[in-house]
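Engineer: Single-letter residue listing:
Number of protein chains: 4
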Amino acid sequence: MRRINVGIIGAGRIGLLHANNIIKSNLLSLQAIADINIDHLMESEWQDKVTMITTNVNDIFNHPNIDAVFICSSTNTHVEYIERAAIAGKHIFCEKPISFNLKETKHALKIVKEKGVKFQSGFNRRYDVHFRKVFESVRENKVGEPHIVKISSRDPSPPTEEYVKHSGGLFMDMTIHDFDMARYLMNSEVIEVSAKAANLVDPMFSKYKDVDTAIITLTFENGALAVIDNSRQAVYGYDQRIEVFGSSGVVSADNELQSNLQISTNRGTILDNPKHFFLERYKEAYVEEINCFARSLLDNLPVSCTGVDGYKAELLAHAANISLQTKAAVKLSELELVEKNVEVL
Amino acid sequence: MRRINVGIIGAGRIGLLHANNIIKSNLLSLQAIADINIDHLMESEWQDKVTMITTNVNDIFNHPNIDAVFICSSTNTHVEYIERAAIAGKHIFCEKPISFNLKETKHALKIVKEKGVKFQSGFNRRYDVHFRKVFESVRENKVGEPHIVKISSRDPSPPTEEYVKHSGGLFMDMTIHDFDMARYLMNSEVIEVSAKAANLVDPMFSKYKDVDTAIITLTFENGALAVIDNSRQAVYGYDQRIEVFGSSGVVSADNELQSNLQISTNRGTILDNPKHFFLERYKEAYVEEINCFARSLLDNLPVSCTGVDGYKAELLAHAANISLQTKAAVKLSELELVEKNVEVL
Amino acid sequence: MRRINVGIIGAGRIGLLHANNIIKSNLLSLQAIADINIDHLMESEWQDKVTMITTNVNDIFNHPNIDAVFICSSTNTHVEYIERAAIAGKHIFCEKPISFNLKETKHALKIVKEKGVKFQSGFNRRYDVHFRKVFESVRENKVGEPHIVKISSRDPSPPTEEYVKHSGGLFMDMTIHDFDMARYLMNSEVIEVSAKAANLVDPMFSKYKDVDTAIITLTFENGALAVIDNSRQAVYGYDQRIEVFGSSGVVSADNELQSNLQISTNRGTILDNPKHFFLERYKEAYVEEINCFARSLLDNLPVSCTGVDGYKAELLAHAANISLQTKAAVKLSELELVEKNVEVL
Amino acid sequence: MRRINVGIIGAGRIGLLHANNIIKSNLLSLQAIADINIDHLMESEWQDKVTMITTNVNDIFNHPNIDAVFICSSTNTHVEYIERAAIAGKHIFCEKPISFNLKETKHALKIVKEKGVKFQSGFNRRYDVHFRKVFESVRENKVGEPHIVKISSRDPSPPTEEYVKHSGGLFMDMTIHDFDMARYLMNSEVIEVSAKAANLVDPMFSKYKDVDTAIITLTFENGALAVIDNSRQAVYGYDQRIEVFGSSGVVSADNELQSNLQISTNRGTILDNPKHFFLERYKEAYVEEINCFARSLLDNLPVSCTGVDGYKAELLAHAANISLQTKAAVKLSELELVEKNVEVL
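As they're listed, the protein sequences go chains C, D, W and A.
So in our numbering, spot 62 of the first sequence is number 62, and the numbers just go up one at a time.
So in our numbering, spot 110 of the second sequence is number 110, and the numbers just go up one at a time.
So in our numbering, spot 247 of the third sequence is number 247, and the numbers just go up one at a time.
So in our numbering, spot 219 of the fourth sequence is number 219, and the numbers just go up one at a time.
What the hints contain is simulated information worked out from the structure, not anything from laboratory work.
Positions of the beta carbon are idealized from the N, C-alpha and C atoms, including for glycine.
Hints may be right or wrong, so weigh each one.
Unchecked claim - Using C-beta positions, here's what the derived DEER-type ranges look like:
id, chain 1, residue 1, chain 2, residue 2, range
1, D, Pro158, A, Asp254, 42 to 52 Å
2, A, Ser333, D, Lys115, 50 to 60 Å
3, W, Val308, D, Asn65, 46 to 56 Å
4, D, Asn20, A, Glu189, 43 to 53 Å
5, C, Glu280, A, Asn187, 25 to 35 Å
6, D, Asn20, W, Leu298, 21 to 31 Å
7, A, Asn20, C, Lys110, 37 to 47 Å
In isolation and in its complexed conformation, chain C is listed as follows (with noise of 0.2 Å):
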């Protein structure tokens, strides 16, 4: 059975996790790995793994049997790669955000347009069996017309103050997988985006402009409602619930417990808690992310998560920081207006 031959750039965490699921995959054959640094590849187990490892991306660019690229850089290069892996031809899995500039993303894809190759966007939890089982259902009718998507996202713990400095900031970072959630369970453009957030984890955030506790409160064109919840440190586990509530029930995910071990004694019931973070809740999730891009590429079939998926995502995290800002509503379409240059997809 033929495969897609993959290059990654970036070998950071979402890289290496990337390349071993790739390896694992009958659909996917990992060819080469581009980084700018490359010492913690050399002196391990990857040698064995992977024919090619190089500093140079255009190895991944220029070579005749790569099939598409991976690109899990950091933001800030993802759209020049994107560029250039679209004019060499190659098909592109993205990690997200695509940029933190609305502008340059949608330049970027139209490039990807113009050559003509597949473009996924890295929204993995759209592959997590619990969330796609949910989202099955809304679409299968089994809650009626969808009134209200609820979303629970909190991390177990914040990251460095390094990763804030460059993370574009709660939403861009962390909500931005909850915006595209809500579209994707929701089947429906949001219209207006309201946010508010406060700073009650860590006054680190503070130093840079973030916050770290947020609800946003997002309206769609079909009259429905969405809510997402945001913290950067539930102590508890990492805290991922959905629910779509709708005209004839109501379909929900609750966390994955890391067992179902209960004990009970005089002091009450315990439970595990849940899986800890996103590499163990999303395992499988990540698995199925880049077997659905193999299956996309085989059989010439339109991608689960496209660029528009992206951007759109991104245009919800822009619009959610002018509404902390404002104190007000934003509309999506007035935010288009004053990005003047933003033109529609």
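Could you slot chains D, W and A onto chain C? The hints should help.
Structural biologist: Just chains D, W and A now, with coordinates in the frame of chain C:
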């Protein structure tokens, strides 16, 4: 609306529980309480609540307006009071067990039958909303033909030594409820009993040749099986769970907790304990039990838990004791043969 | 033991609910019921249950033995009856809301203060055992500093058109309970309100410029946030869930189900629905609410839910309405300024 | 890093499951597969995955680089292959049961001991994360002294008639896992077995004097009890639950569900079924099982599940069969006496 006038014999914990429920019921009216010791009633609000408080049970049997007698005195007095009540033409509600002696139980029930009064056995768990729904689900064929009934029945803490001394032993005092529940849920008669037991909670039990931990297996006429596990001490609270496994599914009722509270911290998620003991757990069931009795009398309908039900549960307790001693399964047909004066009801 | 003698004004659903609970309470004694229409009481058992049934409220205000008045009549009559009761020296229990007009509410509470009578607002959910335990867990610092309070509050089915017409709108009629709960749990005052709403359940609501679906975000003095989601129609039953997320954990109370029944078949495991509506869900809470009121009077203690609590919840309802119209967050400080005749309590 | 070189005997469902897991393991390396029928391997991807595919088991026993043999062939061949592998100096992983004959099992284990090779019995459930945590909780004294071990173990659907014919019967084929789990959790030896069983699922079983529904009670040296209930058909999925009740609490592991999905409508709340069968439910356990075996070999540590563990579980299966026939409890001490050629290991 007409009410059933009641006299209670025995003003202990269970007698006064029924008394309070009768007072609140729209179907029953409390006329008299009799006990050998009424001091605790004379100095309290009971004076306002009930017209007659007496040490002479004849005041109840001879009372022209009393329709029904609740027998809540010590087990060794039940048979005498049942017979006298029946002869006096009073309907009877009798706490479990009817007696410790199968022959005497049968004799009492024979008098009841001859005198044509109604008789309800006090198996309160039949009236629990959760267990009732399990029962109804089985009857409505929600799980197909029953194959296995499972009952976990564990007290929160052992009774006093004084109580144990006169309790009739684990099977007669505690498992008797589970024997009745197994018959009730299976809707078939037991043909064989096999019991294993141990003394693990408190050596005190062994002083009275009693056990505190047991597993009893029942075989039914319909070929199905039941298993009961008991303990005199579940430190996490009153553990009362039932499950009916059948050819097309399984139905169960887990414990009722003290509240729905959930607290998640870095040490896990903690839930509340089950309701502490029968007074809390079966609070509503005791109310429903006596109202069922009242409705049977008011509408002249069969009672919901008969004297034969009481006898059958006692028979199973005897069989379990014999099985424990002989280390073999006991066939009920052989047991009845052995007890030769015991005629089939 | 001395009891509080009570007169009830308003013999509708909630008035009779309190009447029945007062009759069963050891701390209260029902003396009189007044309503403009008493036909439904004259032909029923109520004749036996209460000494005086009258169409003249003065019979209650002038009654020498009545200690406290329960005001359960239409909202538009509350202020008048509060003032007359206070002038008559009667303590007051008043159903929510006190009035639809902040200025009138303040005036009534001013009279109450001047006359020195006690006044309890009828926010029954504070007395629910589950919510009470959540409250206590927060107070006992089980989850650290509260960061986010989340409340899901959805009715099983919309009220009648006649009810909606006089309801005061979603925020004043329904969310008012959630506003009180958020303040109660957070133990801090709200400084800003932001509301989004929609008309998705029934177009009837829009005839009265009302909404049926809403998400409201609150910002508190302590910097924390709360979010409430409402719907007038949750087909699966009365959905009443709360969660307090804090710096060291999260505490929540999920719905109380109709039973613990679980049935597993080849189509999954089915559980019972939540208790249907407030009469079932808050049955015990209503009992506890009036006993708390009675204890405050008997022991001369502060009431557990004050007139100011009632006023504050109304203030939040008004703010939510303004936020909905202006599509902006409403600062409570500005709202009180606008309502210039509204003095600080 | 050094890996254990493995040869697999038997390329059926379980043999190929191990083969796939060995291929993905960092600790093991698959060298050869032997089976009498290898057609299904020759026309598939297995050609790429394993160097040697052979119909001659000697190719494995004589292979100089093979360290360990996985015996996954029919039970009636196990003893021969164990002895030949031991003589060839290969370490052994053997699927359950070792044999249907206690004497033969003992003989094989004697050869293993003489030859000094390591031997692991294939009780995969010991490696399940949930059950492992239950085990550890008991060992860490979280529930005090164990009093009752409860195991529900039910297959989703009966095996084929062909399978049943050679299965060794319910106790040897299916309950054997539960016998091992009970011993593992209790950490004490069984002294007595009492079994009840029925043929309720399919009359086919009775053709082979087999049963499909059973309850087995075990008494342990430490005085505690265990109870196992089995069915060949749980239509809602693979039902695998364990509970250890002790002097200071109870620890349990409920089923792993296919997802956390919950859908609430006016007909109740529906949850997903348990994972379908052992391939899904114990997927991770099978991986952990062989890695444990590998680590025992690499670090020369005792195996985690011994040949004696395999023998003991078989002994319990024989005892259960005798108890079923004799309708009496079977003492293991007497059973070993009866089997006079069976020496104590």
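Engineer: Now tell me, hint by hint, if it's right for this structure.
Structural biologist: Status of the hints after comparison with the structure:
1. D:Pro158 <-> A:Asp254: 42 to 52 Å: violated (28 Å)
2. A:Ser333 <-> D:Lys115: 50 to 60 Å: holds (56 Å)
3. W:Val308 <-> D:Asn65: 46 to 56 Å: 55 Å Cβ-Cβ, so the 46 to 56 Å window holds.
4. D:Asn20 <-> A:Glu189: 43 to 53 Å: Once the Cβ atoms are compared, 51 Å apart, the range 43 to 53 Å for glutamate 189 (chain A) and asparagine 20 (chain D) holds.
5. C:Glu280 <-> A:Asn187: 25 to 35 Å: holds (30 Å)
6. D:Asn20 <-> W:Leu298: 21 to 31 Å: Since asparagine 20 (chain D) and leucine 298 (chain W) have Cβ atoms about 22 Å apart, the given range 21 to 31 Å holds.
7. A:Asn20 <-> C:Lys110: 37 to 47 Å: At roughly 45 Å between Cβ atoms, lysine 110 (chain C) and asparagine 20 (chain A) fall inside 37 to 47 Å, so the hint holds.
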